[in-house]
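**Q** Given next are the chains, with one letter for each unit.
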Amino acid sequence: MTNLNAIDPAAVAEEAKIENGGVVIAKSAIILRRFLRNRTAVAGLVIFLALTVLSFVGGFLSTWDKETIDPLNIAMPPSADHPLGTSQAGIDLYALMVEGMRVSILIGLVVGLVSVLIAAVYGCTMAYFGGKVDKVMLFVLEALIMMPALLVVAVATSGGGNGLRENLPSWLLLVIVLLVFSWMGTARLIRSLSMSLMQRDFVKAAQYMGIPARRIVWRHLVPNIGSLLVLDITRGVTGAILAEVAFSFIGIGIKVPDVSLGVLINQATSQVQTFPWMFWVPLVAMFLLTGSLAMMNDGLRDAFDPSSSSVGSAKGTNTNKTAKKNK
Amino acid sequence: MFRYLAKRAATYVLMIFLTTTAGYFLAVSTLQPALLEQERIPKPTPEQVANSFRLKGLDPTLNPWERYVDWLTAIVTRWDWGRSPNGALINAEFGDRVWISTRLFLASIILTLIIGVALGVYTAARQYKFQDRVITSYSYLVYIVPAPIAYFLVQLGAININETVGERILFVTGISTPGLEGDGWVQFVDMLAHYAVPTFAITIVGWGTYQIAQRQYLLDNVNADFVRTARAKGLTRNQAITRHALRVSFIPVAQSIAFTIPAIFAGGFFAEKIFAWHGVGSWSIDAIALQDVNAATATLAYGSVIFAIGAILADFATTLVDPRVRVQ
Chain W
1090 MTNLNAIDPA
1100 AVAEEAKIEN
1110 GGVVIAKSAI
1120 ILRRFLRNRT
1130 AVAGLVIFLA
1140 LTVLSFVGGF
1150 LSTWDKETID
1160 PLNIAMPPSA
1170 DHPLGTSQAG
1180 IDLYALMVEG
1190 MRVSILIGLV
1200 VGLVSVLIAA
1210 VYGCTMAYFG
1220 GKVDKVMLFV
1230 LEALIMMPAL
1240 LVVAVATSGG
1250 GNGLRENLPS
1260 WLLLVIVLLV
1270 FSWMGTARLI
1280 RSLSMSLMQR
1290 DFVKAAQYMG
1300 IPARRIVWRH
1310 LVPNIGSLLV
1320 LDITRGVTGA
1330 ILAEVAFSFI
1340 GIGIKVPDVS
1350 LGVLINQATS
1360 QVQTFPWMFW
1370 VPLVAMFLLT
1380 GSLAMMNDGL
1390 RDAFDPSSSS
1400 VGSAKGTNTN
1410 KTAKKNK
Chain R
6 MFRYLAKRAA
16 TYVLMIFLTT
26 TAGYFLAVST
36 LQPALLEQER
46 IPKPTPEQVA
56 NSFRLKGLDP
66 TLNPWERYVD
76 WLTAIVTRWD
86 WGRSPNGALI
96 NAEFGDRVWI
106 STRLFLASII
116 LTLIIGVALG
126 VYTAARQYKF
136 QDRVITSYSY
146 LVYIVPAPIA
156 YFLVQLGAIN
166 INETVGERIL
176 FVTGISTPGL
186 EGDGWVQFVD
196 MLAHYAVPTF
206 AITIVGWGTY
216 QIAQRQYLLD
226 NVNADFVRTA
236 RAKGLTRNQA
246 ITRHALRVSF
256 IPVAQSIAFT
266 IPAIFAGGFF
276 AEKIFAWHGV
286 GSWSIDAIAL
296 QDVNAATATL
306 AYGSVIFAIG
316 AILADFATTL
326 VDPRVRVQ
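Order-wise, the sequence lines are chains W and R.
The numbering of the first sequence is this note's numbering, which starts it at 1090 and goes up by one.
The numbering of the second sequence is this note's numbering, which starts it at 6 and goes up by one.
Just so you know, the hints here were simulated from the structure itself, not pulled from any lab data.
Bear in mind the structure is a predicted one, so any value in this text is a computation, not a measurement.
Careful, some of the hints might be misleading.
[Claimed, not checked] With the C-beta cut set under 7 Å, the calculated list includes, among others, these residues of chain W facing chain R:
1) L1227
2) A1243
3) A1383
We put the CB at the ideal spot given by N, CA and C, even for glycine.
Chain R on its own, in the form it takes in the complex (with noise of 0.2 Å):
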């Protein structure tokens, strides 16, 4: 099992690795620091931006392939991706960002999946009746209303009960109360007080698909022969489902959440624009604007990266659970 785990991870490294080179090569050749420059008072000359942006590493001057070289040396020599235009180093930057994203997402992660499939499981058992009616239903509402749509629905709800207490106890942006004093308890509450809000958007947003894939692929199964077998060997219903029906049918929904992991990193970029969490997603939607080459591809190689990692981790969920895939 290791060596075939292996085996896909090395697949995904050569993937990241094209996939950032394609990323680079798009924005190196559209972005372009050097107009933003001119809007600036007083207005530098070419020699000016030229000079300041070689000393950064940007020379605008170079062909893409020059730059790609330099670019990807210093990455690989020193680990260093570069510079934004304005002179911050990406490293740096993109070590405090991506903890606050991890933080924002991690959470909403585990618990859309939990709650995806629970629901899932407990509506295919109850087929057509209520429940599933209303749960079902939901799930499809949810599909047809855009991520960044539905977390500002939610940020509004949240302004209103705010409004209706007449106090501040939901925070609608941020991470935390700047200057906040006070022992580890006033700041774990107020650390509550912020993750509430976009926690809650991220999660019932995100369980409509689990719930509608879980539920179809368990109502294939359940009439499947082997679960008839099953009962036919004395288990009852329940039983046959929770032994044989559910093991199978988790299967192909371990497989979509790989798929789905760049969708929730997709919907990052929403929820934190909305939420005004700064993390890797806002951050790289700003560099854009920025015109910043460097940060837009690191931006590009971590949301790679990010999927190679629910990929590798749905074939490790496969290979544990589905007994028809014999890895050596």
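Next comes chain W alone, as it looks inside the complex (with noise of 0.2 Å):
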């Protein structure tokens, strides 16, 4: 995995100093330079950020909006009134598209974000604790691991009249569910990295010079784990998308009336043979969400992590040889 040489703050300085001729580079910039440097990673982010833009502005941009049936273009191909078509009920599939990929995208932000922050949360204060408090957390996390998510969100999506159901929109019952079941892989990884990175010495002397837990954690634990973290927000979106996806595609999860690219793609199943551009243009945005998502995600771990070797071929004495050098 990573970090397996972590460095201290002082090494990373002192190497910033050598690669750069003796001038000191914020360490924000040369993350932004490592990440510019990787063409996959920037293509990545661009169609991503695309995809977000479009599904935010895109409804402005069609006269049809996702409730408006067009009784005279019902199940239609692509065609000039309707660019993507429509769908069975007769309704603008660019406008289903652009709603549903908004609710699809919002589910995996939200969900990819705050699962990290609670797994960074919980699996430093397992390692900084230790004994007795990280036994018990121990416990409770793998007893979540335990339990199929799968089941329990399809109890919590399917229960009938109960108040949390009617008053919560299913989406937002979604993200959730997703979110109690997903940052614990994260916090296991990050409790033995945190661990390891416990027993350094930069750290046993920090703790000796009397310095307070929190600025300990945020000063030496966080920068050396921060390239995982960034990893797992890109790959908890993206795991948070493809569960979505998966979920409302066998009928749990998102629920008609509420839009999105699983619901899209669930309905197009019946009849893909007689209407294939109801499934393949919902699958085909999907397949551009994680795609850029997993692009992003190797420039990004390289662009944070403090041992990284990708110093650059500006100087020409590293080549890209050294950039690719494995994780």
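Two chains, two frames, a set of hints: combine them into the complex.
**A** This is the structure:
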């Protein structure tokens, strides 16, 4: 995994100095440069941002909305009137796609970001206190991993007459359930990485110097597991989008009348031979979303890794070969 | 070693108990079979509904705690997991379906593991060569496809093959041909034809995770000090890798197997739904749609047991291969 050779901040500063001929560059600038150097990652970011922007403003670019039925064009393939065709109910597929993508992206971003946050706090707490606290928290964590998330999602989203289900829109309910079941793997990883960091000399030195726990976590633990955290955000976003599509695909998760990519794909499966565009258009959108995130993943990891050997080829001493060093 | 494993097993039993209890309370407080009864024609009176549920041990007027105590007592004293709202016994239903699920997954889980780990080793030995790039890209591609959609696409592919051949050689749904007459050989061929598509689908979707993990961990170890020492002592590169690096790199993979088994089980819901194998997975989804508290809890408990078995196997594998784990 990452960070078996974690470095302390002093060495990073030293390395930065050597890299840039004595000039110290701000850490954020280094991260940005490293990221921009990776073409695949930048392409992924551009695609993802484009899709996100489209999902928010795309509704204004079309005269159709997701409720209007066009009785003259029911289940029609793409045409001049309807650039992506219409659904079996005669609703413009482009309008549905914009709406569905927004719901999917929203679920992905919220679940991805918040679950990593929960995992980081939980994992660091376990590692920092150790002992009894660690044992109890690990027990809770493993018990949660044991629960088949899918069944709990199904129960939570299909219970009848329950207050929770009636008062919340189905996407929010799905977000909550996905959050409960998505942070455990990351928390376990963070725990084990932080535990090995706690044994390192620079953390011990800081402890003996009487530096408060919160600052040790912030200055020493977080930067060293930062690459993992960032990596897990993009992975978490991908995972949440995939989970939404998968759950909605078999009919649990997002429920009609709410729209998401999974719902659109699900509705189109029964007649994929007759109305192929209804199936392939949302599927391609989903591939673009998850694919662009996967493309960003590696570039981000490298950019945030404090022990990254990706120092660039500006001076000709380090070629791309070392940048590709496998982690 | 057996004491260590026994201790782990005891912890998992406690966990299964807790997750099942939590699941029961969640199910009993959200699922309301009585509401579905009211859609019947003629519409039964609330008294009739309550009465019929009371006879099945699903009394809606009791509070969750009382129902939990009754339910737990029945399991502990008689191993009776209760009844569905339609009166079916959970034990009997479960027995049939567990066998179908096991038949569907055992072959694919073993194939997935073997192919994944083997390809991981193969690609790590050829880092950045053509084969490595192709196989690893494939694994990343699988990672961005949701399992049910991949299964569905395989199903579409199988239908296309059938249409091209002009004969139904691959069965995309069901577990066997109903009412098929014939001797053992005919039955066997029929079974294979039904197995082929789901097993193929689950395997090609599943192996990517193991391939990436095994490749990564092996590469981390290939240049480690102990491998270099082994080479300095006169072993060839391949010998050093197979004797030293491979063993160590399999440890984290063995651990991850435990945590992917629930994922395979979750993938099972999708596979069973899409290929119409009426195993535990599709049963649980249907049961929840019918607001069936006892069936939902039973499948949840089954999921936890599957996980515990995977975790104990992983612990066992770790104690076997890891020289650093010393257990009394």
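**Q** Against each hint, give a clear statement of whether it holds in the structure.
**A** Status of the hints after comparison with the structure:
1. For L1227(W), the interface hint is violated, the least distance from its beta-carbon to any beta-carbon of chain R being 10 Å, above 7 Å.
2. For the restraint placing A1243(W) at the interface with chain R, the shortest Cβ-Cβ distance is roughly 4 Å, inside the 7 Å limit, so the hint holds.
3. Contact between A1383(W) and chain R, as hinted, is supported at the beta carbon level, the nearest pair being about 5 Å apart and thus within 7 Å.
Hint 1 alone, counting from the list given before, is not met by this structure.
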